[in-house]
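Visitor: Each chain, letter by letter, is given below.
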Amino acid sequence: MGNGLLKDIWVLSKRSVLTTLRSPFSFIPNLLISTFFLLVYDSGLSGISQLPAFEGANYLAFILPVSVVSAAIGGAGGAGQGIVKDIENGFFSRLLLTPASRLSIVLGPIIAGMLQLFVQTILILIVAFLMGLEVATGFLGVLVVLLLAVGWGLAFAGYSAGIALKTKNAQAAQAGTLIFFPLIFLSTTFVPYELIESSWLKVAATINPTTYIFESMRTVLIDGWKFWGIAKGIIAITIACAITITFAAVSAKKAVSRG
Amino acid sequence: MVKGTIYVEHLSKTFKKGNVQAVKDVSFAVEEGEFFAFLGPNGAGKSTTVQIVTTLISPSAGKVYVAEQDVLTNPKEVREHIGVALQETGIDPSLTGREMLHLQCRIFGFTNQQAKSRTNELLEVVQLSQAADRICGNYSGGMRRRLDLALTLVNKPKILFLDEPTTGLDPSNRKSIWDYLERLNKEEGTTIFLTTQYLEEADTLADRISIIDDGEIVATGTPQELKAQIGNDIIAMTFENEGEAEKAEAAITQHMPDADYVKNTTELNIYVQDGAKRLMEIVRLLDQQDLAAQTINVNTPTLDDIFLKITAEGERKRGEVEHG
Numbered sequence: 001m002g003n004g005l006l007k008d009i010w011v012l013s014k015r016s017v018l019t020t021l022r023s024p025f026s027f028i029p030n031l032l033i034s035t036f037f038l039l040v041y042d043s044g045l046s047g048i049s050q051l052p053a054f055e056g057a058n059y060l061a062f063i064l065p066v067s068v069v070s071a072a073i074g075g076a077g078g079a080g081q082g083i084v085k086d087i088e089n090g091f092f093s094r095l096l097l098t099p100a101s102r103l104s105i106v107l108g109p110i111i112a113g114m115l116q117l118f119v120q121t122i123l124i125l126i127v128a129f130l131m132g133l134e135v136a137t138g139f140l141g142v143l144v145v146l147l148l149a150v151g152w153g154l155a156f157a158g159y160s161a162g163i164a165l166k167t168k169n170a171q172a173a174q175a176g177t178l179i180f181f182p183l184i185f186l187s188t189t190f191v192p193y194e195l196i197e198s199s200w201l202k203v204a205a206t207i208n209p210t211t212y213i214f215e216s217m218r219t220v221l222i223d224g225w226k227f228w229g230i231a232k233g234i235i236a237i238t239i240a241c242a243i244t245i246t247f248a249a250v251s252a253k254k255a256v257s258r259g
Numbered sequence: 001m002v003k004g005t006i007y008v009e010h011l012s013k014t015f016k017k018g019n020v021q022a023v024k025d026v027s028f029a030v031e032e033g034e035f036f037a038f039l040g041p042n043g044a045g046k047s048t049t050v051q052i053v054t055t056l057i058s059p060s061a062g063k064v065y066v067a068e069q070d071v072l073t074n075p076k077e078v079r080e081h082i083g084v085a086l087q088e089t090g091i092d093p094s095l096t097g098r099e100m101l102h103l104q105c106r107i108f109g110f111t112n113q114q115a116k117s118r119t120n121e122l123l124e125v126v127q128l129s130q131a132a133d134r135i136c137g138n139y140s141g142g143m144r145r146r147l148d149l150a151l152t153l154v155n156k157p158k159i160l161f162l163d164e165p166t167t168g169l170d171p172s173n174r175k176s177i178w179d180y181l182e183r184l185n186k187e188e189g190t191t192i193f194l195t196t197q198y199l200e201e202a203d204t205l206a207d208r209i210s211i212i213d214d215g216e217i218v219a220t221g222t223p224q225e226l227k228a229q230i231g232n233d234i235i236a237m238t239f240e241n242e243g244e245a246e247k248a249e250a251a252i253t254q255h256m257p258d259a260d261y262v263k264n265t266t267e268l269n270i271y272v273q274d275g276a277k278r279l280m281e282i283v284r285l286l287d288q289q290d291l292a293a294q295t296i297n298v299n300t301p302t303l304d305d306i307f308l309k310i311t312a313e314g315e316r317k318r319g320e321v322e323h324g
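Protein chains in written order, with full-length UniProt numbering: chain A, 1 to 259; chain B, 1 to 324.
The shape of chain A in the complex, shown without the other chains (with noise of 0.2 Å):
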């Protein structure tokens, strides 16, 4: 009896999946921010590109990057409340009854979540290529921005789990996603670097990992394949997803057994 880690993995996946389907709004809120982002900051501050730090480039391809990461990590937010509300309900004990691994037990919300965002960045690039978009390095490139989309929700999901694995609390679980302002907004949200102009924002746009996600989607979005621009948001999704899948397998490990 029992499965192997990728069959418990597929289960459980597939249940997640079915369940998220099940609450629509869980997900459709926030894909309508995000695509709301995409429409009225496009529209209200297009203008602003004319300006030489933007050297020329169009606004649509230098906003879209934050309404694909918000959306991002407001889908990657759900994994943690998939499992709050696993435990909150009995299912997550049940599922530890059972021989399934450990691991797959918390991937399942983990990967659903993914898939979701997955969605979700496909439909706000179609809304964009309606509006207009065109991208300097083709479809290549829109399938790196979907990847660094995916990259960045996963290092959220990771942390959002972990959250919700440590508290097993949803109204803390639901605090936790505060992070999502700050992360954000303090960065090169709506001008590039160069524009910022208070000292304490510069700081926080330095430090904030989004800042670098951005640099990324815009490089591929606006400038064309370069490679440093491009490999700044690989790496801070690599070091953030070190730290917080790291983090929601620690909580998991706790939670799950034992102590």
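Hints are computed from structural coordinates only; laboratory data are not their basis. Just so it is clear, the structure is predicted and the values come from calculations on it, not from any experiment. Here a beta-carbon is modelled for each residue, glycine too, at the ideal position from N, C-alpha and C. Just so you know, not all the hints are guaranteed correct.
[To be verified] Which residues of chain A face chain B? A few of them, derived with a C-beta cut under 7 Å, are: (1) N3; (2) V11; (3) R15; (4) T19; (5) R22; (6) N89; (7) G90; (8) F91; (9) S93; (10) R94; (11) L97; (12) T98; (13) P99; (14) A100.
[Claimed, not checked] Per label pair, the in silico range of CB-to-CB distance: (15) Q87/B / D223/A: 56 to 64 Å; (16) I296/B / K254/A: 56 to 64 Å; (17) Q127/B / L115/A: 34 to 42 Å; (18) E9/B / I239/A: 42 to 50 Å; (19) G47/A / N112/B: 53 to 61 Å; (20) S140/B / K254/A: 31 to 39 Å; (21) I135/B / L123/A: 20 to 28 Å; (22) Q87/B / K7/A: 29 to 37 Å; (23) G168/B / F129/A: 51 to 59 Å; (24) T246/A / P41/B: 41 to 49 Å; (25) G168/B / F139/A: 52 to 60 Å.
[To be verified] Negatives, chain B to chain A, calculated, CB over 10 Å: (26) Y7; (27) V20; (28) Q273.
Fit chain B to the supplied structure of chain A, relying on the hints for placement.
Guide: Here is chain B on its own, set in the frame of chain A:
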């Protein structure tokens, strides 16, 4: 084939939070095919014990073997052989009953086909075939309990653990759960470990009962043995008010130091070997003290009585420790 046995030796559990000692040096053994009940009030340590023997939490001290496996070193093997229904049902409310069962089957290694047929079989057993394709979130309490029970049976467990499986159920749902459990135990030979606050439940179902109070096992035996342990008879008296009952209690303590008794507001129960004979003695004693009981009965004991007596003794002991 492993045997459906449970072996627990010197088990203790102290929760770091609040430094609560929930289980204190508990030992017991359950044979294959036995129906064993843990009987005790709320907070006695029943659920903690279940969570430890089913691998959910780790003990602070002691040894636990379930289905011949050490729960600490081989938890996965233990989980393959047991079915567990905790006090809270473990159901994802967004799935249908059929989906829940199918998922559980798949987790236990069934193929899609096997999972389908096992699911249908179990839906039939717990009479949920009609509601199988409805979302569990809309099930009634009794239906959730039945689905939860079906979920625990997916892997044909050697041992079934049930933590207060009928708490909060109406009599007809309770009766149907009892019937499933009896059938499983008698026909399939499944070892059953059940916790309950209901004496009637333990008395009806269990081959053997341990009474647990404040984290300790205070008595173990068959229902008959436990009833015999209490002494042959109970002299049950009620008084007009609590003051009278207290005076009677004092008189009994002073003049009949060998008698066991339990006082509960205006009631006083005295446990004696030879009820009819001691009755005269007690009546004379009350008379001397100018006390008159409103009612006096001589009864043979029920499990209720032993439960009351043992838990009351625990209370008294604890009271003495606290005050002394």
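Visitor: It remains to establish, for every hint, whether it holds in the given structure.
Guide: Hints and how they fare:
{"no.": "1", "hint": "N3", "in the structure": "5 Å, holds"}
{"no.": "2", "hint": "V11", "in the structure": "5 Å, holds"}
{"no.": "3", "hint": "R15", "in the structure": "5 Å, holds"}
{"no.": "4", "hint": "T19", "in the structure": "5 Å, holds"}
{"no.": "5", "hint": "R22", "in the structure": "4 Å, holds"}
{"no.": "6", "hint": "N89", "in the structure": "6 Å, holds"}
{"no.": "7", "hint": "G90", "in the structure": "4 Å, holds"}
{"no.": "8", "hint": "F91", "in the structure": "5 Å, holds"}
{"no.": "9", "hint": "S93", "in the structure": "5 Å, holds"}
{"no.": "10", "hint": "R94", "in the structure": "3 Å, holds"}
{"no.": "11", "hint": "L97", "in the structure": "5 Å, holds"}
{"no.": "12", "hint": "T98", "in the structure": "5 Å, holds"}
{"no.": "13", "hint": "P99", "in the structure": "5 Å, holds"}
{"no.": "14", "hint": "A100", "in the structure": "5 Å, holds"}
{"no.": "15", "hint": "Q87/B / D223/A: 56 to 64 Å", "in the structure": "60 Å, holds"}
{"no.": "16", "hint": "I296/B / K254/A: 56 to 64 Å", "in the structure": "59 Å, holds"}
{"no.": "17", "hint": "Q127/B / L115/A: 34 to 42 Å", "in the structure": "36 Å, holds"}
{"no.": "18", "hint": "E9/B / I239/A: 42 to 50 Å", "in the structure": "48 Å, holds"}
{"no.": "19", "hint": "G47/A / N112/B: 53 to 61 Å", "in the structure": "58 Å, holds"}
{"no.": "20", "hint": "S140/B / K254/A: 31 to 39 Å", "in the structure": "36 Å, holds"}
{"no.": "21", "hint": "I135/B / L123/A: 20 to 28 Å", "in the structure": "27 Å, holds"}
{"no.": "22", "hint": "Q87/B / K7/A: 29 to 37 Å", "in the structure": "30 Å, holds"}
{"no.": "23", "hint": "G168/B / F129/A: 51 to 59 Å", "in the structure": "56 Å, holds"}
{"no.": "24", "hint": "T246/A / P41/B: 41 to 49 Å", "in the structure": "43 Å, holds"}
{"no.": "25", "hint": "G168/B / F139/A: 52 to 60 Å", "in the structure": "59 Å, holds"}
{"no.": "26", "hint": "Y7", "in the structure": "19 Å, holds"}
{"no.": "27", "hint": "V20", "in the structure": "14 Å, holds"}
{"no.": "28", "hint": "Q273", "in the structure": "47 Å, holds"}
Of the numbered hints given earlier, the model fails none.
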